[in-house]
Each structure stands twice: as C-alpha cells, then as structure tokens.
Amino acid sequence: MRVLASLMLIFFSCLMVQPSWGDGGLEPLLDKLPTASFREKSALFSRIADTRSENGLAILRAVASGDLYYRKSDRRTVFATRDEGGYAITDSLTGEELGVAGRRDVKKITINNALRGELKQLIAGFKLKSDKTSERIEAARSIINDPSVDLMPLVSKAIEEETNTDVRAVLDLAEAAIIVTDKSSTVAQKKAALSVLGEATDSNVIGLVSRFTLKDSDGNYLEKEAELVSSAEKALETLKAKQSFYDLIQNLFFGVSLGSVLLLTAVGLAITFGVMGVINMAHGEMIMIGAYATYTVQLLMPNMIGTSILVAIPVAFLVSGLMGVLIERLVIRHLYGRPLETLLATFGLSLVLQQLVRSIYSPLNRSVITPDWMSGSWAVNGMLSLTFNRLYIIVFSFLVLFALIMLMKKTSFGLQMRAVTLNRKMASSMGIKTGWIDAMTFGLGSGIAGVAGVALSQLTNVGPNLGQAYIIDSFMVVVFGGVGNLFGTLFAAMSLGMANKFMEPMAGAVLAKIMILVFIILFIQKWPRGLFAIKGRFVED
Amino acid sequence: MISNISLQEKTVLYLNGVSKTFDGFKAINNLNLIIKPGELRAIIGPNGAGKTTMMDIITGKTRPDTGDVYFNNEVDLTRYTEAEIANMGIGRKFQKPTVIETLTVFENLELALAGDRKVRDSLFFSLSGQGLARIDEVFEVVGLGEKRNAMAGSLAHGQKQRLEIGMLLAQKPQLLLIDEPAAGMTDEETANLSALLKSIAGEHSVVVVEHDMEFVRSLDSTVTVLHEGSVLAEGPLSKVQENERVIEVYLGR
Amino acid sequence: MTYQGPFLSALLGERSSRWFLAVLAVVAVAVPLMNLVFPQDSALHVSTYTVTLVGKYLCYAMLALAVDLIWGYCGILSLGHGAFFALGGYAMGMYLMRQIGDRGVYGDPVLPDFMVFLNWQELPWFWQGFDQFWFAALMILLVPGTLAFIFGWLAFRSRVTGVYFSIITQALTYALMLAFFRNEMGFGGNNGLTDFKDILGFDLQTDSTRCALFVISAVLLAAAFVLCKWLTASKFGRVLVAVRDAESRTRFMGYRVEHYKLFVFVVSALIAGVAGALYVPQVGIINPGEFSPINSIEIIIWVAIGGRGTLYGAVIGAVLVNYGKTYFTAAFPDLWLFFLGGLFVVTTLYLPKGVKGLVADSGLLRKLMASRRSEAGG
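Residue numbers (the numbering used here), protein chains in the order written: chain P, 1 to 541; chain H, 1 to 253; chain L, 1 to 378.
Everything labelled a hint here was simulated from the structure, so no lab data went into it.
Cβ coordinates follow ideal geometry from the N, Cα and C atoms, glycine included.
Here are some chain H residues the structure puts well away from chain L; computed CB gaps all over 10 Å:
1) Lys10
2) Glu39
3) Pro46
4) Arg134
5) Lys147
6) Glu188
7) Ser221
8) Gly235
9) Val249
Here chain P is said to cover these stretches of chain L; the calculated rule only asks that three of the stretch's residues, wherever they fall, bring their Cβ under 8 Å from a Cβ of chain P:
10) 155-166
11) 177-188
12) 342-352
If you want a taste of the chain L side facing chain P, the calculated C-beta under 7 Å gives, among others:
13) Leu77
14) Ala171
15) Tyr174
16) Ile297
17) Leu337
18) Phe338
Kindly generate the complete structure, drawing on both the sequences and the hints.
See below:
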C-alpha cells in the first residue's frame with residue numbers, strides 16, 4: 001500500500017510539475033481551444049489545469065457548465081451569459097467586458113461525456129490544492145457526492161499532503177466513498193471503508209452505505225457478502241441516528257427562522273393593539289411598504305448592493321413609520337373608542353395602499369437582490385447547513401426586539417406608553433399626552449413593520465400582496481401571545497414558527513397552517529386574552 | 001362554618017375570608033361581610049380599597065382566590081355566572097350609569113322585568129297585564145313617567161341613574177348592589193335618591209358603595225369601611241368617624 | 001320598534017318595510033317579464049346577462065341581511081361570514097355536479113370530472129346523497145348552521161368579543177380557504193365546482209330557468225327580510241340591542257348573553273348559506289376564492305354603507321356597492337380598489353349610520369348617534 005502510494009506520488013508530481021506557470025501559459029492554450037478536436041481538448045484541459053491559476057479554474061468550470069464560447073470573428077474565447085438579444089460576453093483571459101454578441105456571432109466550446117468526467121476530476125483536483133480550507137472541504141465533499149475511481153490518485157495524494165485535520169477527515173470519507181463504489185475493491189477494504197463511512201457526518205454517505213442493504217423483489221440482499229451487509233446496516237444505523245439529530249436541529253433552525261419573521265411582523269401589531277386597543281388591518285401594507293423601500297433603495301444605489309440593504313433599514317423604518325403617523329393623525333384619531341370601525345377603516349387603507357403600489361411599481365413582483373454577504377450558507381457539517389439570510393434575519397429580529405425592550409424600559413416614552421397600556425384615563429390625568437403617545441406608538445409599530453419588510457424582501461419576492469400573506473399569521477401571534485407584553489409576543493412567534501415547521505414534514509405546509517389556525521381558535525376558548533394577558537381590574541372587557 | 005351561621009340567623013349575603021390577587025396586587029384581602037335581610041348598608045373606602053372588586057365577586061364577574069361567598073345562607077355564589085346570580089335575585093347598578101341607550105325608557109324596564117330569560121321565551125314574548133302593572137309601579141317609585149317613550153340615551157345623567165335603579169327594582173331582586181349612585185348628581189337629586197334607597201330598604205336588602213360623606217350620612221345606616229381589601233371598621237357613621245385608624249387612612253388625611 | 005297587534009300587518013304598516021317589499025315585488029315581477037316577454041330588439045328588453053347580474057345582487061343582499069342581523073343589532077362583527085355563504089354554495093354546487101352525470105368531459109356516470117382527473121376510483125363518503133335535491137337542500141342549512149353553532153358556542157361561551165372575535169372569524173374563513181384549495185379535500189381544489197348543466201331537470205342555460213332562479217332569489221330575500229324583521233321586532237331583538245349597547249348590563253339583568261348571541265349567529269349563518277346556494281346556479285361556479293377574507297370584509301362595507309341596524313339599509317348597500325363594482329371594474333379597473341378603500345374610510349369616519357343616516361335628519365337621532373359614539377368606548 002505504502003509503496004503504491006509513494007509510486008503514485010512520484011507519478012503525480014511529475015504530472016503536476018509542468019513548465020507552464022501563471023496566466024502567461026493560458027493564452028496559447030486558449031487560442032487552440034476553438035479548433036481543437038475532443039482528443040486535443042482533453043490534453044488542453046489538463047494543461048489549463050496545470051497552470052494552477054484562478055482564471056484557469058474559472059475557464060474549466062465554464063466549459064463544464066457550457067458557458068464558455070468563442071467569438072467567430074476573432075476566435076477569442078469568452079464567458080457568455082444569456083441576455084436580451086444574445087449573449088453578454090467577457091474575455092476569458094483578461095476579464096474585459098466585450099458587450100453583447102448576437103446568437104450567431106459566438107459558438108460554444110463543446111464537450112462530450114468523457115471530457116465532462118475529466119473536467120470534473122480536474123476541477124476537483126484543482127480545488128483539493130486550494131489554499132483555502134473551505135474550498136478543499138468543498139472539493140472533498142463533491143467527491144463523496146459523486147465518487148469515481150478515477151479520482152482515487154488525487155484523493156490519496158491529498159490525504160498524504162493534508163495537514164488540516166478537518167479537511168483530512170472529509171478526505172478520508174472521500175477515499176472510503178471511492179472504495180465502496182469501486183467494484184475492484186476487496187471485501188476487507190470495503191468493510192473497513194464502511195466503518196469509516198459509519199463515523200461520518202454527511203448525508204451523502206447514507207446513500208452510498210444503503211446501497212449495500214438493497215434487496216431484490218424476493219427480499220434477498222443484492223449484496224452477496226453477508227459480512228458487508230451487516231456492517232453496512234450497522235453503519236447505516238448510526239448514520240441515520242445522526243441524520244435525524246441534525247434534521248431536528250435543521251427543523252429547529254427553520255422554526256426559529258419562521259418564528260423570528262413572525263416576531264418582526266407581529267411585534268408592531270402587538271404594540272399598537274396593546275397601547276391603543278385597535279387592530280391595524282393595514283399593518284401588512286406597512287410591511288409591504290418597507291419591502292418596496294428596500295427595493296427602491298437598491299435601485300438608487302445599484303453599485304452598492306451590499307450596503308443598500310443596511311441603508312434600507314432606517315429608510316424603511318422612517319417611510320413606514322411616517323405613513324403610520326399619518327394614518328393615525330388623519331383617520332384613527334377620529335375613531336378613538338370604536339375599535340371595530342378602526343379595523344374597517346384601516347382595512348380600507350390597506351386596499352388603497354395596495355393599489356397605490358400597483359400603480360407606482362406595477363402589479364408584478366419585484367425581486368430584491370440578496371447581497372453577497374447574505375447569500376450562501378454555512379455548512380456546519382455534511383448533514384447540516386444553515387443559510388446566511390435566515391441566520392441574519394434571526395439575529396436581526398432579536399436585535400429589534402432588544403431595542404424595543406430597551407425603549408420600553410429605559411426611556412420616558414416607553415414608560416408613558418406602558419402607562420397608557422395599563423390605564424389610559426389615569427395616564428391622561430397624570431399629564432401624559434395620550435394623543436401624542438398614540439401617534440408615536442402607531443408610528444413605531446408601523447416603522448417596525450417596515451423593518452420587517454426589509455427582512456422579508458430577502459426571503460421572498462416583493463409584491464403588492466406581500467403584506468396580506470403575513471397579516472393573518474401576525475394576528476394569530478398577537479391573539480396567542482396576548483398584548484402589552486413583548487415576551488408574550490416572542491414566545492407566541494417562536495412557538496407558532498416551531499409548530500408550523502415541525503408539522504410541515506408530517507402534514508404538509510397547508511395542512512400544518514390549517515391545524516395551527518384551528519388550534520388558536522380552540523386556544524382562545526381557555527385564554528381569551530392570550531397567554532400573557534395583562535390581568536387586573538383596570539382591564540376592561 | 002356554614003352550619004354555624006345558619007344556626008345563628010338568616011343572612012342575605014355572607015362573605016368569609018375572601019381574597020383576590022391581580023398580578024401580585026391584593027385587591028381583596030381576607031374580607032368578611034354579612035348583610036341581613038332588609039338591611040341598608042353603606043360601604044366606604046378610599047380608591048383601590050377593593051369596593052368594585054368586592055361587587056365583582058358577589059355578582060360572579062370575578063372569582064375569588066379563596067373564601068366563601070354565600071347568598072341566603074345556602075347558595076355558593078362562586079359557582080354561578082353573572083346571569084344566574086342576577087336571576088337568583090341580586091341586582092347590580094354600575095358606577096357609570098348603564099342603560100340601553102337606543103331603547104326607550106319603557107323598553108328598558110320591560111327588559112329588566114322579572115320573568116323568563118330564555119331565548120325561546122323572548123321570541124314569543126308579549127307583555128302581560130301584570131307586567132305592565134309592575135312597570136307602572138316602578139315608574140311610581142323612580143319617577144320618569146313623562147319620559148316613558150323617550151330614548152334612554154336622551155335622558156340626563158340623574159335620570160339615567162334613576163332609570164337604572166328602576167331597572168333593578170323591576171328585576172325584583174332580594175339584594176341590590178349600588179355603586180356610587182350620587183356621583184355627578186345635583187344636591188336635590190342626591191336627596192331624592194337617598195329617600196328612594198331608604199324607602200326600598202326593608203323590602204330589599206341594599207348595599208351602597210359611596211364616596212360622598214353627606215350622602216352616606218343621609219342614609220343613616222350601618223357603615224363598613226374598607227381599606228386595602230379588608231374591613232377596617234364597621235358601625236354607625238358617628239362611631240366609625242371616631243375610629244383612629246379610619247381617621248388616619250381615610251377621613252383625616 | 002314594538003309592534004302592537006299581529007306581526008305581519010304591523011310590518012306592512014311600517015313605511016320603510018312597506019316600501020322595501022313593494023320595490024322588491026316590482027323587481028321580482030318586472031325583470032323576468034321584460035326578459036321573457038319583450039323581444040331582444042325592444043327598448044324594454046332586459047338581457048339575460050342583466051337578469052343574472054341582478055339575481056347575483058339579490059343573493060349578496062341576502063348575505064348583507066345576515067351580516068346586518070348580527071352586526072347591526074347585536075354588535076357581532078364577523079369577518080368570516082363569506083365562509084357560510086361559500087359552504088351553502090358548495091353544498092348546492094355538489095348537487096349540481098352530481099346532476100351532470102355522464103355528460104362531463106370524461107363521461108363518468110358518477111364521478112365528477114375533477115375526481116376522474118385525480119384518478120379517484122369512487123365517490124368520497126361526503127359526496128354521497130348529493131344527487132338528491134332534498135338532501136342537498138338540507139345540507140345547505142345544516143353545514144353552515146352546524147359550523148356556526150360549534151364555532152359560536154366555543155367563542156361566545158368563553159366571551160371572545162370585539163376585535164378578537166373578528167380576527168378569529170377571519171382566521172376561520174382563511175383556514176377554510178386553504179383547506180378548499182387542496183385537491184385532497186375533494187371539492188375540486190383550485191378550480192372549484194363548475195360546468196353545471198341543470199337543476200331539478202331544468203337547463204341552467206335557458207332564459208326561463210334563469211328567470212325562475214331570479215324570482216326565487218327575490219322571494220327568499222323577502223322571506224329573509226321578514227324573518228329578520230320579526231326577530232328584531234320581538235323582545236329577542238331588544239335583548240340583542242341591549243347586548244350590543246351594554247353587554248355587561250344585559251348579563252347583570254339575568255340574560256344568558258351567550259345563548260342569544262349563539263342563536264342569532266346561527267340564524268345569520270343559515271341565511272348566508274341559503275344566499276350562497278342561490279348564488280351558485282346563477283353565476284355557474286363556486287371556488288375557494290369565495291372563502292377569501294377580503295370577500296367577507298367587503299360584506300361589512302355593504303352593510304356599513306347602507307346603514308347598519310336597519311335591514312333594508314344592508315340590502316341597499318349591497319346593491320349599490322356591487323353595482324359600483326360592476327361598473328368600476330369594467331370602466332376603470334385600476335380605480336376600483338381606491339374607490340372601495342376610500343368607501344371604507346369615508347363611511348367609518350363620516351357616515352356612522354350609512355347612507356340612511358344622511359337622509360335621516362331628526363335631532364334626536366343625531367343626539368343618539370353622538371351618545372352611541374361615546375358609549376361604544378366602554
């Protein structure tokens with residue numbers, strides 16, 4: 001084994017150490033590419049890989065995904081992406097933008113299946129040598145995903161050279177994956193590999209291992225070696241236990257994520273309902289306005305997408321908040337003491353706002369670009385990866401909640417707001433300007449809705465009906481958690497989010513939602529004012 | 001405990017060791033109170049002494065945490081709803097006069113009239129001669145005859161107070177609980193009201209919660225002073241006014 | 001409000017009711033006649049399209065009556081009354097589906113097309129019996145009635161009132177909408193029930209059937225009006241008003257408020273169910289969209305516009321707003337939501353008594369409105 005490995009090492013180092021270094025070596029290779037036969041292309045691709053340059057990798061990937069073209073006029077190889085009226089092309093060597101080319105002006109660099117397999121190896125090899133550990137792990141994972149005996153030499157060499165234990169562990173798995181899929185491996189090798197795979201934390205491994213436990217239509221194992229079947233089953237058992245554990249964590253994460261969205265959308269509603277006793281049916285439209293504010297800010301700063309989302313937060317807060325104050329001063333103030341009429345009037349406003357947005361931005365959905373720092377996901381291990389946008393939204397909603405708690409507890413505005421919630425008359429007779437508090441509270445609640453809109457714009461498309469989609473769920477949170485208590489809202493949002501996500505796999509998304517609505521209808525029997533209702537003789541029924 | 005009092009004498013209302021806490025605030029704290037048949041009782045006490053909560057407990061709006069609440073020696077009021085308690089013969093007048101504003105004075109009394117409260121009966125109800133006579137009786141007691149067909153919402157504040165007391169009387173209750181009746185009334189109206197309450201006591205038991213000392217004095221009845229949810233003193237007004245602790249917490253300031 | 005003497009003669013003695021029933025009778029007779037008797041090119045001819053359209057308005061008017069009965073008289077703001085309407089409609093739709101028989105696209109003698117499409121082998125249990133009209137008619141009452149009874153019993157017993165009640169009814173209709181959108185529910189999913197052929201053996205496409213349905217709608221609307229009038233004019237109606245204006249007071253007078261609310265809520269749901277059942281054969285389709293919360297809120301605005309607590313006001317409001325909708329969505333589709341939204345705001349702000357309040361000019365009424373406004377806070 002050792003001898004074999006060192007032989008391979010020597011063989012490969014010869015192969016790798018070729019005289020062409022740097023981008024300078026790429027140009028002649030690229031020049032040949034448009035006219036090369038498949039056989040010639042194979043050699044060209046390996047030589048491109050040998051340059052070990054970022055650009056070379058990008059070129060190989062583009063070939064593999066069918067995005068590498070050449071321009072017929074000057075045979076320049078270009079990256080092309082589909083665009084209106086043709087392709088937007090960039091020079092593959094210099095990265096220079098070459099504008100839009102017509103469909104007939106460019107031609108794809110074609111490959112066949114054999115070449116595609118080779119490319120895969122080259123790319124994997126490329127990345128296995130990367131300086132970044134994350135890339136090396138990613139490369140090793142992709143091998144587990146799609147093991148092929150052709151990659152064995154690469155993997156073995158990488159294992160020899162790898163110093164990072166994390167990467168090393170994934171590489172070991174990759175090696176084991178190759179061994180179990182390779183027909184020429186011995187039973188002992190396979191058995192050893194299976195036990196390695198059993199220790200893995202990677203969902204792709206499960207498929208590999210379970211192949212050994214497949215049965216034919218008569219119920220006999222397809223795998224003839226009973227020894228392998230039993231060790232595969234043992235490995236599978238531990239793998240599945242781990243998988244269900246990480247599935248649980250994943251579900252928890254989805255639950256918390258949905259919960260924090262609900263928290264953002266409902267907390268403003270809970271505040272206005274608590275202080276003023278009115279339900280703002282236009283709350284959903286405040287969310288929508290926040291989302292459109294995000295979209296507009298992004299349109300205004302097209303070159304700074306990453307920053308625009310941060311700018312959008314205060315902008316959305318102000319726009320929705322001002323709209324809220326306006327609604328309070330113009331409409332709700334005149335309906336004080338008539339909560340049902342307020343509900344109707346604000347519903348009317350929600351229709352007007354929806355139509356307004358339709359008229360200004362068109363009825364079509366708009367999509368807000370997710371900035372780089374929010375896209376992608378954090379792969380905790382091979383069984384668990386958490387998307388960044390959801391992670392950020394969870395953190396963000398807790399920040400908003402924290403800021404609100406501080407506002408309620410530490411500022412005189414918060415104190416006055418709480419006073420009005422508990423006993424409006426008393427607060428008024430103690431010199432609190434309840435009208436002003438109402439306007440500010442409404443503005444605050446609407447502002448938070450706007451901020452929720454910023455968060456939602458990262459999860460879904462922005463459209464005139466965005467608010468409608470969330471408003472009933474937000475009501476449920478308020479009804480469940482009770483008003484006048486932020487922790488009640490937090491608890492309700494999180495439990496409803498969790499319940500939804502945990503029932504979804506069992507019952508499907510729609511049925512889960514129906515079950516939650518029915519639950520709340522029953523829940524309100526026992527606790528008509530929510531779980532954390534304020535009790536006391538000042539609370540009127 | 002119950003056999004104890006029934007042995008002693010008949011009581012209309014019997015509260016023993018009643019406590020009620022709202023979010024840590026003790027609204028009622030070990031309250032004891034006995035009302036005898038036909039008695040007129042005034043209950044005074046500063047804001048937050050627990051007067052309204054006591055009324056809520058007697059009428060079934062609030063359940064006490066601990067303690068006994070018995071009506072006519074044997075009925076445990078803590079097990080019944082507001083409507084059931086009302087039908088047993090306990091009438092309550094709110095602090096803020098509450099009448100059905102969009103019905104006429106007559107219709108208000110007709111609704112309050114003792115009788116069946118079932119949905120079915122209400123659908124096929126027609127006023128009997130006896131009922132009409134009863135309403136006329138009530139008009140004689142509380143006045144308002146000239147406002148018979150006026151909307152209750154159009155009445156003046158004092159008139160609403162009288163209508164509400166009239167509605168209570170139409171219910172033919174054994175016990176009337178009356179919350180701050182003198183609030184917002186003129187001196188003349190107050191005097192009339194005091195005479196009215198004194199006249200209906202005897203036939204009914206009457207409990208009046210009041211702030212206005214002049215009014216309480218004019219009732220000339222036993223006075224119970226509540227403070228922080230329990231009884232501070234009880235007796236004739238003159239006696240109560242001499243009580244050191246009462247002076248300290250309430251009268252003297 | 002209190003009638004002396006026999007109810008019906010007293011009802012006809014009341015000017016507004018007399019007018020209302022007279023106008024309804026004229027419409028019920030004139031519209032079908034003008035459709036059937038006058039030739040198409042006559043100036044007096046009413047097209048079948050118009051007959052159906054006005055018939056639809058009559059169904060909406062009935063639905064508005066149902067809402068006015070609970071909201072106008074008892075202060076119960078249901079934001080889910082469209083659900084009862086839709087359930088009645090689905091019950092009728094199921095009957096009409098079964099009447100198609102083997103005339104469907106797939107020609108299955110028993111299974112409706114959508115079930116064949118979903119590869120169902122047999123009729124689900126809850127579709128049994130709907131081939132009989134009497135059974136469907138029973139279900140039109142039973143299904144909305146039972147739902148209203150269970151829901152109302154739960155809600156009123158635990159004293160869910162005001163905005164909480166409104167939100168929960170909204171959640172109810174929303175949940176039903178989601179449920180009916182599912183194909184697995186067996187009600188045709190997204191597309192609902194449609195392509196009806198005939199009712200009780202009469203071809204739905206003929207003018208005479210349309211006119212008959214129109215007359216039946218008008219008659220049942222009148223019947224619902226008389227029923228509501230009778231309920232609200234009795235002592236029962238006065239208890240409802242008492243509950244609306246001072247719920248606590250009513251309870252302390254010894255009335256079991258929850259029983260009264262439950263009774264009127266169920267009656268209202270029954271009326272809504274019948275309205276839905278009449279609506280479906282006239283418009284020719286019922287789908288889950290009828291459950292959408294917005295539909296239910298729109299009913300409220302009909303009643304608010306017409307003036308709550310008058311019954312005939314609800315009918316006027318339903319017809320006016322729906323005529324406006326027909327007109328606007330054809331002429332200025334972009335403006336309709338502005339208009340409807342504006343109506344909500346203007347009505348609640350300036351017309352607490354609806355259009356009817358504009359006409360009424362008595363000093364007492366104004367005073368009452370003012371005092372009601374301050375009272376509603378308690």
